[in-house]
Amino acid sequence: MGDYFVLAISCIFVNNILLAQFLGNCPFLGTSKKMETATGMAMAVVFVLVMAGIITWITDTYLLKPLDIEFLRTLSFILIIASLVQFVEMFLKKSIPALYAGLGIFLPLITTNCAVMGVCLININEEYTFMQSLVSSFSYAVGFGLALILFAGIRERINIARVPKPLQDTSIGLVTAGMIALSFFAFKGMV
Amino acid sequence: MTEALLFMLGIGGVCGLVLSYASKIFYVYEDPRIAMIENNLAGANCGGCGYAGCSSAAQAVVEGKASPSVCVISSSEGIAKVAEIMGMDPGSASPRVANNTCDGGKRANTKYHYLGVNSCKALSGFFGGQRECGVGCLGLGDCIKACNFGAIDMGPDGFPVVDETMCVGCGACENACPKNILQVKTMSERLLDFNQEDGALAPCSQRCPAEINIPKYISEIKKGDYKAAVQTIRMRNPLLLSCGRVCPHPCEDLCRRGIEDEPVSINQLKRFAADYEMKSGTRVPITCAPDNGRKVAVIGGGPAGLSCAYFLRRVGYQVTIFEAMPKLGGIIRYGIPEYRLPKKVLDWEIEGITRLGIETRTNVRFGSDFGLGSLVTAGYEAIFMGIGAWKDYSLGIPGDHLEGCYNGINFLSRSAMGEKLPLGKKACVIGGGNTAVDCARTMLRLGLEKVYMVYRRTRKEMPANEVEIVASEHEGIDFVFLAAPSKVIGNEDGHVTHLEYLKMELGEPDASGRRRPVPVEGSETLLEVDTIVTAIGQSPDASFKEETSRRISELALTRWSTIDNDPTTLQSTSIPYIFTGGDSATGPALVVDAIGAGRRAARSIDLFLKGEKIAPVEKSLQGKRIEESVFTTVPGITPIKRAEMPELPVNERIRSFVEVDQVLPEDQALKEANRCLNCCRTCYNPDNSIKESYNA
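The listed protein sequences correspond, in order, to chains W and F.
For the first sequence, UniProt numbering assigns the number 191 to the last residue and increments by one with no breaks.
For the second sequence, UniProt numbering assigns the number 696 to the last residue and increments by one with no breaks.
Derived by calculation from the structure, the hints in this document are not laboratory data.
As the structure is a prediction and not an experimental result, all values here were calculated from the model.
Worth double-checking, as some hints may not be accurate.
As the list claims (entries may be wrong) - The calculated lysine-lysine pairs, modelled on DSS-like cross-linking and capped at a C-alpha distance of 27 Å, are:
id, chain 1, residue 1, chain 2, residue 2
1, F, K121, F, K65
2, F, K145, F, K227
3, F, K106, F, K216
4, W, K33, F, K121
5, F, K343, F, K223
6, F, K81, F, K295
7, W, K94, F, K24
8, F, K624, W, K93
9, F, K106, F, K295
10, F, K420, F, K460
11, W, K165, F, K179
12, F, K223, F, K327
13, W, K33, F, K327
14, F, K487, F, K216
15, F, K223, F, K613
16, F, K613, F, K295
17, F, K279, F, K185
18, W, K93, F, K106
19, F, K185, F, K613
20, F, K216, F, K279
21, F, K216, F, K65
22, W, K34, F, K391
23, F, K145, W, K33
24, F, K420, W, K34
25, F, K185, W, K34
26, W, K34, F, K81
27, F, K106, W, K165
28, F, K81, F, K227
29, W, K65, W, K165
30, F, K391, F, K487
31, F, K295, F, K216
32, W, K34, F, K24
33, W, K94, F, K65
34, F, K450, F, K420
35, W, K33, F, K65
36, F, K223, F, K295
37, F, K216, F, K613
38, W, K165, F, K671
39, F, K343, F, K227
40, W, K165, F, K121
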């Protein structure tokens, strides 16, 4: 149990997918202008990442490894994640319309999110067990959401501050992201 | 290798099967219009509309939460198609564009220095902003930050400027603006917009019955952009050539320069811009919203009817004008003489309006040739009655029916149609209004030797325009003031020989504030004349009520024979689909009043046909003055002489109907335009210290 806790902490803070591994930077900058969109995106990522983590782990362990065709990993994962997102979208629309409306456009958008793909591949490379990859997927997603929401809060304030013209918008965003990443570096000694 | 191939094929097949099966299980009924609308949106999923992707936007349109013009990058055809799918009026689907109504910027005085958060929203929390003007732009540019399309920039004068070519009309700036200054509206909405108490309005615009944005068109003339000036005037007034000639310009009375100096000659500048368009030979194009297929009848082709038809046509209605006389124009054709408004000019102006696609039927009189029933059967859904006030009041004294007695409007319209009336040598006109002056000056031009004007008060109380009175004095018309006609005396043939009148003196002021004339006992005097024209006022000709259906007999009239209406919405009080305006609603008034009323009625008709409640405009100004824009002194003015109106010399003009007043030459017009202070509600550009006030 303790191991899972350590794994979760390391995934959320120490190896934060956005601020330590720098994966999924396009939604990080694209959807962080408003708190509302950032929250929507964070929820969608949690949802998809957990589902994708489970399915890809199963595919890898029971199909790719026994058949000795690991070189098809990337290709098959893309196909699986894309279909999964489509499936989830249909399922939600029918069964939980409220959640579907809440996630809106972000659900199909993360079909092509590299954070999702990255986490699935990390799970395999680190040779996690099923439970471990479940925890890691969930924690990475929470870390993603945490960073995104923190960043959106900061950007909303930057919006009403006097920023020199050459630094406005995305440039000050990147500078800020760098500084948050530095502050997350402090977690390095924890685990 | 085979395993790899099989694996990929297998996984592809499984995914495909699962998805196709899932799409059956998880099928949700969706309004087919959503997909149809989505096909007509841009499909970029850009989020510019504020909805999460194109399908959400399409859904919002179907649910009625968004307008057909929701897509910010869609073309106008795309918008029209969406409107068609929704069965909506495409008129309301014309593209929306942002507009900054405040151009005061830094020139308004500062109340305090603000060093807080760089946002209009925060600043407006402190006593509504740092400037003395309560409605104006705060200048911190929340709208610029809100715009996703780079269409707004901070201009050099401290207020944001919208680049209309970049603007997609998403409305983000309007939402971001804590004042009501940035407005995102369609052309149709702008056309039917009315002055409001909290508007950024100059004193002249507050007063103008047609609500023209006067400082805007004058500054466009200043810049030499005469076409833009014409377009600005046409947003509110389709009869700019006529108004530029005959309007008594109440706006100039309130001109802020007029407090320290002579007022700006606003109307001459309007005429200059209008004449520029006519002389250039090419018409400035007028845009109309797409046709919405709904029919409106306009009875009466006078200024009110033309104005109502013009605005309804521009917002997308099919309009037909029914006119009793042989040509359109109403009182401005048949009541205003040729020397003030040449028929050629009027024809050019009216052609510009009718060629927008307005049908006209002339020589048909409401009540005799057609009735309410025929209009309703022909599919007209609303009716505007602008029948004017053509019935002259009669004198009601003994002998007023003798040979040689005429009535004002009747006389003017008959001579305008070219009828040769048997006039004598000496004539008198009874009355002191514009119609009376027109009659007198017309008779002079028809070759009479002597023309008197008989008025029961003094020159000061004459309701006619000052310029008209001065011109008639120059032309040699004799005035008999303080005279009340008591009897018309004729000879054995029943022809007029004399007018007997009583001398009057001024007594106590009456309800209108003018001193009431009181007759002097035994002061009967004879005036030797052989023609008498009575021009003492008119009322609408209500004879249509006698001859048609029962329904029209329900139309309520006031005791002055005007159509009883709600003065704010102009809807008749008795029959909901009848609207009115102009002289038939108010009794004789100014041309520009009728034009304003035509537009007001067009707004009500638009609301009526859309099935919305015809509510008066909120905080409607309706010619009232805004308290804070009333000044007693205006610092920073150096008196500059007002441009003189060029007119034909008296001896050249008095025997012909050639136009008397001439247009300003271009250099004079530019000089006059530069006298304008470009006022707004409280701020203005003083003559000398523009730079200093900007830095303050």
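Against the structure, the hints come out as follows:
1. For the hint pairing K121(F) with K65(F), the CA-to-CA distance comes to about 26 Å; that is within 27 Å, so the pair holds.
2. For the proposed pair K145(F) and K227(F), the alpha carbon gap of about 32 Å is over 27 Å, so the pair is violated.
3. For the proposed pair K106(F) and K216(F), the alpha carbon gap of about 18 Å is at most 27 Å, so the pair holds.
4. Among the hinted pairs, K33(W) with K121(F) is consistent with the structure: their alpha-carbon atoms are about 18 Å apart, no more than 27 Å.
5. In summary, the hint linking K343(F) to K223(F) is not supported, as the alpha carbons are separated by about 31 Å, beyond the 27 Å threshold.
6. Only pairs whose Cα atoms come within 27 Å are accepted, and K81(F) paired with K295(F) is accepted, the gap being roughly 21 Å.
7. Straight-line distance between C-alpha atoms of K94(W) and K24(F) comes to about 11 Å, which keeps the hinted pair within the 27 Å bound.
8. Between the alpha carbons of K624(F) and K93(W) the distance comes to roughly 56 Å, so the proposed pair goes past 27 Å and is violated.
9. With a C-alpha separation of about 48 Å, the suggested pair K106(F) and K295(F) falls outside the 27 Å cut-off, and the hint is violated.
10. Taken as a hint, the K420(F) and K460(F) pair is broken in the structure, with Cα atoms around 34 Å apart against an allowance of 27 Å.
11. Restraint check for K165(W) and K179(F): satisfied, since their Cα atoms lie roughly 26 Å apart, inside the 27 Å limit.
12. A C-alpha spacing of about 37 Å is found between K223(F) and K327(F), which places the hinted pair above 27 Å, so the restraint is violated.
13. Of the pairs offered as hints, the one joining K33(W) and K327(F) is violated, with about 62 Å between alpha carbons and a cut-off of 27 Å exceeded.
14. This hinted pair does not check out: K487(F) and K216(F) have alpha carbons roughly 53 Å apart, beyond 27 Å.
15. At roughly 42 Å between alpha-carbon atoms, K223(F) and K613(F) are farther apart than 27 Å, so this suggested pair is violated.
16. Restraint check: the Cα-Cα separation between K613(F) and K295(F) comes to about 19 Å, which is no more than 27 Å; the hinted pair holds.
17. Of the pairs offered as hints, the one joining K279(F) and K185(F) is violated, with about 33 Å between alpha carbons and a cut-off of 27 Å exceeded.
18. For the suggested pair K93(W) and K106(F), the alpha carbons sit about 53 Å apart, so the restraint of at most 27 Å is broken.
19. A threshold of 27 Å between alpha carbons decides the hint, and for K185(F) with K613(F) the separation of about 20 Å falls inside it, so the pair holds.
20. Restraint check for K216(F) and K279(F): satisfied, since their Cα atoms lie roughly 22 Å apart, inside the 27 Å limit.
21. With a C-alpha separation of about 35 Å, the suggested pair K216(F) and K65(F) falls outside the 27 Å cut-off, and the hint is violated.
22. About 67 Å separates the Cα atoms of K34(W) and K391(F), which puts this hinted pair outside 27 Å; it is violated.
23. Distance hint between K145(F) and K33(W) is fulfilled; the C-alpha atoms sit about 12 Å from each other, no more than 27 Å.
24. Our distance criterion of 27 Å between C-alpha atoms is broken by K420(F) and K34(W), whose separation comes to about 79 Å.
25. The hinted pair formed by K185(F) and K34(W) meets the criterion: a straight-line CA distance of about 26 Å does not exceed 27 Å.
26. Taking the CA atoms of K34(W) and K81(F), the gap is about 33 Å. The hint is violated against a cut of 27 Å.
27. For the hint pairing K106(F) with K165(W), the CA-to-CA distance comes to about 22 Å; that is within 27 Å, so the pair holds.
28. Distance restraint check for K81(F) and K227(F): the Cα-Cα separation of roughly 32 Å exceeds the 27 Å cut-off, and the hinted pair is therefore not satisfied.
29. Taken as a hint, the K65(W) and K165(W) pair is broken in the structure, with Cα atoms around 54 Å apart against an allowance of 27 Å.
30. Of the pairs offered as hints, the one joining K391(F) and K487(F) holds, with about 22 Å between alpha carbons and a cut-off of 27 Å not exceeded.
31. As the CA atoms of K295(F) and K216(F) are separated by approximately 34 Å, the hinted pair breaks the 27 Å bound.
32. Between the alpha carbons of K34(W) and K24(F) the distance comes to roughly 36 Å, so the proposed pair goes past 27 Å and is violated.
33. Proximity of K94(W) to K65(F) is assessed by CA-CA distance (about 22 Å); at most 27 Å being required, the pair is judged to hold.
34. For the hint pairing K450(F) with K420(F), the CA-to-CA distance comes to about 18 Å; that is within 27 Å, so the pair holds.
35. Our distance criterion of 27 Å between C-alpha atoms is met by K33(W) and K65(F), whose separation comes to about 24 Å.
36. Taking the CA atoms of K223(F) and K295(F), the gap is near 40 Å; set against the 27 Å cutoff, the hint is violated.
37. For the given pair, K216(F) sits about 32 Å from K613(F) by alpha-carbon distance, which is inconsistent with the 27 Å threshold.
38. Distance hint between K165(W) and K671(F) is unfulfilled; the C-alpha atoms sit about 41 Å from each other, more than 27 Å.
39. With a C-alpha separation of about 23 Å, the suggested pair K343(F) and K227(F) falls inside the 27 Å cut-off, and the hint holds.
40. Between K165(W) and K121(F) the CA atoms are separated by roughly 21 Å; this keeps the pair inside 27 Å, and the hint holds.
The structure does not agree with the numbered hints 2, 5, 8, 9, 10, 12, 13, 14, 15, 17, 18, 21, 22, 24, 26, 28, 29, 31, 32, 36, 37 and 38 stated previously, though it agrees with the rest.
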